[in-house]
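A.B. asks: Throw the hints in and build the complete structure from the sequences for me.
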Amino acid sequence: MEIKETSLINLHKSYGAKLVEFAGYHMPIQYSEGILSEHKFTRSNCGIFDVSHMGQLFIYGDDNLTKDLEKIFPIDLQSLKINQSKYSFLMNEKGGICDDLIITKIKKGYMIILNAACKANDFKILKEKLDISYEIELKEDLSLIALQGPGAKNILGKVIPEITNLRFMHGGEFIYNDLKIYITRSGYTGEDGFEISISNEIAEHFTKVLLEHGSKLIGLGARDTLRLEAGLCLYGNDLDAETTPIEANLKWAISKKRINDQYPGSEIIKKQIQSGVKKLRVGIKPETKVIARANTKIFNEENKEIGKITSGTFGPSVEHPISMGYVDSNYSSIDTKIFLEIRGKKVSANICKLPFYKKNYVKEV
Amino acid sequence: MPEVKFSKEHEWIKLEGEIAIIGITKHATEMLGDIVFVELPEKGSSVEKDGTAGVVESTKAASDVYTPVSGEIVDTNQTIVDDPAKINQDPEGDAWFFKMKMKDTSEMDSLMNKEEYDKFAKESSS
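From first to last, the protein sequence lines stand for chains A and B. Residue 326 in my numbering is what sits at position 326 of the first sequence, and the numbering runs on without skipping anything. Residue 373 in my numbering is what sits at position 8 of the second sequence, and the numbering runs on without skipping anything.
Just to be clear, a hint being listed does not mean it is correct.
[Claimed, not checked] With the C-beta cut set under 7 Å, the calculated list includes, among others, these residues of chain A facing chain B: (1) 34; (2) 35; (3) 289; (4) 291; (5) 314.
Calculated directly from the structure, the hints in this document are not laboratory data. Think of the CB as a built atom: it goes at the ideal place given N, C-alpha and C, for glycine as much as any other residue.
C.D. replies: Spelled out as C-alpha cells, the structure:
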C-alpha cells in the first residue's frame with residue numbers, strides 16, 4: 001500500500017524532520033533539535049503537532065441521531081451541549097476497545113476524532129451500525145493541527161482572538177481569511193492547548209503563521225513522552241480489543257447515566273463496574289534509571305508473573321523512567337512493590353499514581 | 366597520535382599502549398537520538414570480541430553496546446552513567462564508555478579506519 005503524506009509534508013522536510021512510517025503515513029518522529037528538547041519546549045512554551053493522520057469523521061442527521069449514537073457509545077450524548085467534547089470508546093460485544101476517540105457535538109450532528117490506525121475500521125463499523133439515512137463522512141480534505149503548551153493561548157490568540165473564551169473540552173467554528181476552521185481546546189500532552197481542524201489548502205500557511213508567532217514543530221517522539229507523563233493511553237499499546245475501559249482504569253469515561261443501557265459490551269461493563277476486574281492499568285516507576293518498555297514482564301515479590309508493561313519511556317519533565325501497564329488488580333494499589341524483568345535481570349519498581357506530570361487544563365475562563 | 370579504529374556496530378576504539386578506550390560513534394548517537402540511560406560492564410570483567418558490553422537507551426529504544434575487541438575491563442566512565450546526555454554532546458571524546466586491557470592487540474587490524482568507517486556509516490544509513 002502506498003504510504004500517504006499529510007499536507008504539511010514539505011514543512012516537515014524543511015524543518016529537518018526524521019520521517020517514519022506511522023499508521024500508513026510519512027510522519028515526523030522528531031525534528032533537528034530532538035525529542036528531549038521538543039518535549040521540554042512544549043511544556044515550557046508551545047509546540048505544534050501535525051496530527052492530520054488522525055481520522056476526522058462527521059455524522060449528520062435528524063433528532064434521532066443522538067439516541068442512535070447512544071446505542072454505540074457509552075456516554076450521555078443527550079446532555080452534551082453544542083461545541084462540547086467528550087472522550088469515549090468504540091467497543092466490541094465483549095466490551096473490548098476498538099478505538100478511543102473524542103466526540104464533539106456540532107450544529108447538525110457530531111464530529112469524531114479517531115486514531116489513524118483505526119479510522120478505516122471505525123468508519124466501517126459505524127456505517128454498518130447506523131441507518132443509511134445518516135450522512136457519514138471520513139474527511140480527507142481536512143488537516144488536524146494540535147497547538148500545545150502554556151504559550152498556546154497567546155500564540156493562537158494573536159491569530160484568532162476569540163479562542164481565549166474556549167474552555168477545556170469545548171470548541172467552536174472560527175473564521176480565518178474568510179475560511180471556516182473548527183477549534184477545540186483539547187490535546188494529548190497534559191498541557192493547555194488546542195486542536196485545529198483546517199482545510200488542507202491552508203494548513204501549511206496557518207502552521208507557518210503559528211511558527212512565526214513563536215511555536216515550534218514537535219514530532220511524534222515527544223508526543224509520546226508528553227502523553228505518557230500525562231498518564232494518557234496510546235491505542236495499540238495501552239488499549240486494545242481485548243481490554244475494557246474498566247480494566248483500563250477509564251471508568252470515568254462511562255457515563256453513570258448510561259450504566260443500565262444497552263450498547264456493545266454493556267453487560268460486561270456493568271458487571272465489571274459492580275464486581276471489579278482481574279487486571280487493571282496502573283502507573284509504574286522503576287526504582288533505578290532503567291527504562292521498562294512495552295512487553296516487559298511484571299512480577300510480585302514471590303517471583304510470580306502478575307502483568308505486563310504496555311508503554312514505557314524516560315519522562316523528560318519528571319526526569320525519571322516512567323511506564324504504564326496492566327497488573328493483577330490485587331497488586332494495583334499505590335506503592336505496591338513489583339519487579340520488572342529487563343534484559344534478564346529483575347529490577348524493583350513501584351506502582352504509582354497517574355498522571356506522572358500534573359495536567360494544566362483550563363477548565364474555567 | 367594513537368590510531369582510532371571503528372567497528373560495524375558503530376563503536377570507536379583508541380589504543381594507548383595495551384589499553385583500549387572504547388565508545389560509540391557520533392553517527393551512532395545521531396541514529397539513536399537523545400540518550401537517557403546507559404549501562405556499562407563491570408570493572409574487572411572479561412569481555413569477548415563482538416560480545417555485548419552494556420546498553421544505551423534513547424527516548425526511542427534500547428540498543429546493546431558491543432565490544433569490538435577482547436580483554437579485561439579496567440575502567441568505566443561513571444560521568445556518562447550520571448549524565449547520559451554527555452554521550453550526545455561529545456561521543457568521540459569525553460563520553461568514552463570503558464577502558465580495556467586488550468588480550469590481543471592484533472584484533473585492531475581487522476577494524477575499519479576513519480575513512481572506511483565514514484563510508485560504511487554513510488552507506489548503512491542510506
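A.B. asks: Would the stated hint for residue 291 of chain A survive a check requiring a Cβ distance to chain B of less than 7 Å?
C.D. replies: 5 Å, holds
A.B. asks: Holds or violated: the hint that residue 35 of chain A contacts chain B, with Cβ atoms closer than 7 Å.
C.D. replies: Nearest chain B Cβ about 4 Å off; hint holds.
A.B. asks: With a cut-off of 7 Å on the beta carbons, see whether residue 34 of chain A makes it to chain B.
C.D. replies: 5 Å, holds
A.B. asks: Quick check on residue 289 of chain A please, does its C-beta sit within 7 Å of some C-beta on chain B?
C.D. replies: 5 Å, holds
A.B. asks: Double-check residue 314 of chain A for me: the hint is only fine if its C-beta lies closer than 7 Å to a C-beta in chain B.
C.D. replies: At 4 Å from the nearest chain B Cβ, residue 314 of chain A passes the 7 Å test, so the hint holds.
Comparing the model with each numbered hint stated earlier shows that all of them hold.
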